[in-house]
Every structure is written in structure tokens, then in C-alpha cells.
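Peer 1: Quick note, the sequences are listed as chains A and B, same order. So the first sequence is residues 1 to 220, counted in the UniProt record's numbering. So the second sequence is residues 1 to 252, counted in the UniProt record's numbering.
No lab work stands behind these hints: they were computed from the structure.
Subject to a maximum C-alpha distance of 20 Å in a straight line, what follows is the list of computed SDA-like cross-link-like pairs (lysine to any residue):
| no. | chain 1 | residue 1 | chain 2 | residue 2 |
| --- | --- | --- | --- | --- |
| 1 | B | K118 | A | A129 |
| 2 | B | K81 | A | H128 |
| 3 | A | K157 | A | Y101 |
| 4 | B | K77 | A | Q130 |
| 5 | B | K77 | A | V49 |
So the derived label-pair ranges between C-beta atoms look like this:
| no. | chain 1 | residue 1 | chain 2 | residue 2 | range |
| --- | --- | --- | --- | --- | --- |
| 6 | B | G41 | A | E210 | 41 to 47 Å |
| 7 | B | M147 | A | S112 | 18 to 24 Å |
| 8 | A | I154 | B | G41 | 45 to 51 Å |
| 9 | A | S63 | B | K75 | 35 to 41 Å |
| 10 | A | L204 | B | S188 | 49 to 55 Å |
| 11 | B | D71 | A | V49 | 25 to 31 Å |
| 12 | A | A129 | B | Q245 | 45 to 51 Å |
| 13 | A | A129 | B | S73 | 22 to 28 Å |
| 14 | A | S112 | B | E9 | 38 to 44 Å |
| 15 | B | A78 | A | V49 | 19 to 25 Å |
| 16 | B | K121 | A | I193 | 51 to 57 Å |
| 17 | A | A196 | B | A78 | 53 to 59 Å |
| 18 | B | S149 | A | A196 | 48 to 54 Å |
For glycine and all other residues, C-beta sits at the position ideal for the given N, C-alpha and C.
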Amino acid sequence: MFDWAIIVKYFPILSEAALLTLYISVISLVLGLIFGLAAALARLSSNRVLFGIASFYIWLIRSTPLLVQLFLIYYGLPQFGLELSPFVSGVLGLALNVGAYNAETIRAGIQSISHGQTEAALSIGMTHAQAMRRIILPQAVRNIIPPLGNNFIILIKDTSLVSTITLVELTMKTQQLVGTTYKPFELYLAATILYAILTSATALALRAVEKRMHLKTQRS
Amino acid sequence: MSDAIVRVEALRKCYGDLEVLRSVDLQVEAGEVICIIGPSGSGKSTLLRTINHLEVPTAGEIHVNGMFINDTSLKGKAFDKHLCEVRTNLGMVFQHFHLFPHMSILQNVIEGPVQVLKQNKAEAEEKAMQLLTSVGLADKRDAYPDMLSGGQKQRVAIVRALAMNPSVMLFDEPTSALDPELVGEVLSVMEGLAKEGMTMLIVTHEMEFARKVADRVIFMDGGFIVEQGTPDQVFGNPQHQRTQQFLASIHS
Ligand SMILES: Nc1ncnc2c1ncn2[C@@H]1O[C@H](COP(=O)(O)OP(=O)(O)O)[C@@H](O)[C@H]1O
Ligand SMILES: [Mg+2]
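Construct all of the structure, not just a fragment, from the sequences and the given hints.
Peer 2: Quick look at the structure:
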């Protein structure tokens with residue numbers, strides 16, 4: 001029988017776990033943005049070594065499952081004396097993963113800006129770095145935000161995989177409660193609702209940001 | 001040594017097997033206004049773009065204000081720095097303006113002086129406002145490029161280049177992207193600059209303008225300077241058959 005009381009009773013505990021999920025997502029996103037920007041700039045640079053490293057990184061991440069990447073970091077690295085906590089492993093794995101997708105998103109955004117903008121910047125004596133920072137990136141950000149938001153929403157859902165490396169986030173917490181209550185439907189339904197709230201709230205927030213940016217664009 | 005502001009020697013430019021400039025020599029003296037004419041694909045834009053190194057020459061030398069632009073003895077960062085310095089001497093105006101759309105008109109104009117020449121902002125703004133006033137666009141200082149007409153955008157682009165206080169202005173078909181009724185306002189700004197003694201190298205299809213404003217007209221075809229002289233000589237009495245054909249084709 002379906003038991004509403006279970007959902008009501010455990011919702012606060014699960015909400016707390018959902019906060020950890022959100023926390024993991026945000027930290028991974030910030031790190032993933034840094035990795036992504038670095039890899040995108042490396043892919044666009046004329047330095048062959050940087051280009052090679054970034055291409056390899058992006059290729060490796062995008063052609064392998066996140067779960068295996070997490071296992072490699074958490075279970076594999078200790079073999080070489082590098083023991084990372086579940087939290088650090090999880091965040092690092094997620095950040096490296098989303099970073100590779102961010103890199104392609106950012107690179108596409110940068111390349112969508114007309115080459116004439118770079119030429120105009122260079123012709124007033126700017127360096128390539130100045131042109132990128134002052135002229136190209138500020139324009140590219142507008143094109144990059146929506147697909148980046150998509151990556152973020154995928155990231156939130158992907159955090160459930162870090163439950164497999166003993167991190168007690170929302171999915172793991174739910175599993176534990178199922179183990180003691182034998183109420184899988186109610187509890188997984190509650191987890192489903194919480195994930196939906198997290199991703200939908202994020203989507204709404206992103207839409208608000210896009211709208212504000214759009215207003216600015218219209219002005220310009 | 002001549003005191004030419006721009007000196008181009010035996011310049012060649014190839015794109016793969018395509019030879020776009022075949023040994024071009026050119027000297028631009030201080031205060032000289034040169035109009036470059038010629039059929040599409042003859043290498044006019046490539047010549048201008050190699051002068052400020054937006055295109056890398058295949059062979060030959062380019063000197064600006066005595067500075068050897070494509071000095072291959074400089075490597076890496078040293079060359080980049082040298083290039084930026086030389087480019088501050090060259091103002092470039094593009095066919096499609098290339099204003100920075102995320103910046104206001106005033107920001108567009110002071111961007112180079114502040115970021116590249118490290119002028120203080122107040123000083124740069126004062127100079128920018130003088131220049132904007134001189135082209136009749138002072139009231140657009142806080143507008144954004146998308147709110148301007150093509151003619152206004154190109155006048156701002158000219159001001160943006162002038163704000164760097166260049167020794168030479170390079171114009172690549174500055175009116176070709178404009179609606180016909182907006183061409184005049186841009187040409188009159190350029191004519192004003194010529195009168196003030198600005199050194200200018202202008203690629204244009206505006207023959208009336210070239211005839212009136214140029215000190216020298218250069219006709220290019222197939223990657224060569226085929227013929228050059230005063231407007232009267234080139235337009236009135238062209239020596240070369242290809243020049244005659246070209247002039248006939250645009251008058252018909
Ligand atoms: N980046 C490029 N790659 C290959 N070919 C080019 C490139 N830029 C210009 N060209 C070619 O060089 C020739 C001269 O071009 P251009 O200098 O733009 O001529 P113009 O400005 O006189 O019309 C044309 O045949 C053009 O197709
Ligand atoms: Mg051209």
C-alpha cells in the first residue's frame with residue numbers, strides 16, 4: 001500500500017541530502033567552468049602542446065562513462081598512494097567530466113563571434129590576450145550561458161552516480177532509508193520530486209539570467 | 001633613406017598556390033592621400049591587411065614610421081609586442097565597421113587609448129568627445145552600435161581609429177556596405193581628414209571621391225600595381241589597357 005506518511009516523515013532528511021547534492025553540483029560546476037575555459041582556450045591556441053593536451057582530455061572524458069571515471073579516481077588512484085576522500089573524488093570526477101563538455105560549449109561560443117571583432121581589436125594595438133578578454137569573451141558569454149545551463153542540469157542529475165563511491169548524497173541517503181524502512185516506492189518517489197525541484201529551480205534561475213542578458217543585448 | 005611613412009618593398013602574398021600580391025612596391029609620404037582602385041579580387045584588401053599584419057606577408061618588407069613590421073628576427077612574445085606597438089601607428093577602418101557591440105560608443109572609442117596606450121580614462125574621454133563632436137556624433141556617446149545607422153557606425157569606427165593618434169589611416173572600402181544615401185556623410189568625414197593633412201591609404205570604388213580628394217591614384221589588377229599617378233593622369237589619360245578597360249567598365 002502507498003504510504004504518504006513515509007514521504008512526509010522522511011522528506012526533511014532527504015531534503016538535507018538534496019542540499020549536499022546541490023553543494024556538490026555547485027562546486028563541481030565552478031571547477032568545471034575553470035577546467036572548461038582552460039581547455040577551450042587551449043584548443044583555440046596555436047600552442048600545439050596545449051592543444052594536444054586539451055584535445056586528449058576532452059576526447060577521453062566524452063568517450064567514456066562517468067561511472068568508470070569516478071571509479072578510476074576513487075578506487076584506482078589509491079594504488080599509487082593517492083587516496084582522495086569520497087567527497088574530493090566525487091567533486092573532482094564530476095568537475096573533470098562537466099569541464100570537458102563545458103570546453104566544447106565555450107569553444108563554440110567563442111568561435112561564434114565574428115573574426116572581424118578580433119581584427120578590430122588587434123588593429124587598435126591589442127594583444128591576442130587583451131582581445132580575448134576585453135572583446136571576444138564578453139560577447140561569447142551571451143551565447144554560452146544557455147548551453148552551459150544545460151550542462152549544469154545534466155551535472156545535477158549525474159551527481160547521483162557519486163553514491164557509488166560512498167558519498168551520502170540524495171540517492172545514497174534514499175537507498176539507506178529504503179534499507180531500513182522497506183518502502184522503496186515512497187522514498188524513491190520523494191527523491192524523484194527533490195531532483196525535479198533542484199533541476200527545475202536551476203532552469204528557472206537560468207532563464208531569469210538569460211532574460212536579463214537579453215535585455216542588455218537589446219540595449220546594445 | 002626616404003622619409004616615407006609607409007614603405008612597402010617587393011611585397012608578395014600567397015594563399016597556398018594562389019599568388020594574390022606579386023611584388024608590390026609602395027611608398028606613402030606624410031600627408032599623402034592615396035586611393036587604390038581596381039577590380040574585385042585584385043589584391044587591394046590584402047595589401048592593406050598585410051600593411052598592418054592582419055595577413056602575414058609571404059615575402060618582402062613593410063616599414064611604418066621607420067619600424068620594420070614583419071621583422072622576422074624578432075620571435076614569440078617580443079614580436080607580438082613589437083606588432084602591437086607598430087599597429088598603434090596604423091588606424092584601420094573596415095568595410096563592415098566591426099564596432100564592439102557590447103560597448104557604448106564612447107567605450108568603443110576610448111578602449112584603445114585606455115587599454116593599449118594606458119591613457120587615463122578622463123583624458124581619453126575628453127579626446128574621444130572632441131573627435132565624436134567633429135564627426136557630429138557627440139550625442140551618441142551613450143548609445144550602443146546596434147542603435148546607429150551604417151553611416152553613423154562607420155563614422156564612429158573612424159573616430160575609434162583616430163583616437164589612437166595614428167600616423168596613417170587605412171580604409172578598406174569604407175562605404176561599400178552603406179546604403180547609398182549614407183555614403184556622403186562618411187566620405188565628407190574622410191575628406192575633412194584629408195584636408196587636415198592626415199596620411200591616408202583608401203581602397204574605394206567611389207571614383208568621384210578619388211578624383212577629388214586623392215593626391216595619387218593607384219590602379220591594381222592581378223596582384224600588381226598596374227598604374228599610378230595623379231587623379232587627372234589615371235582617370236583622364238590612363239596609359240595601360242587594363243586601366244582603360246576597368247574605368248570603362250565602371251562608367252558603363
Ligand atoms: N584568406 C584567404 N584565403 C585564400 N584566398 C584569399 C584569402 N583572402 C583573399 N583571398 C583571395 O585573394 C584574392 C585577392 O583578394 P582581395 O585582396 O580581397 O581582393 P580585393 O580586395 O581587391 O577585392 C582573391 O582572389 C581572394 O579570393
Ligand atoms: Mg577588398
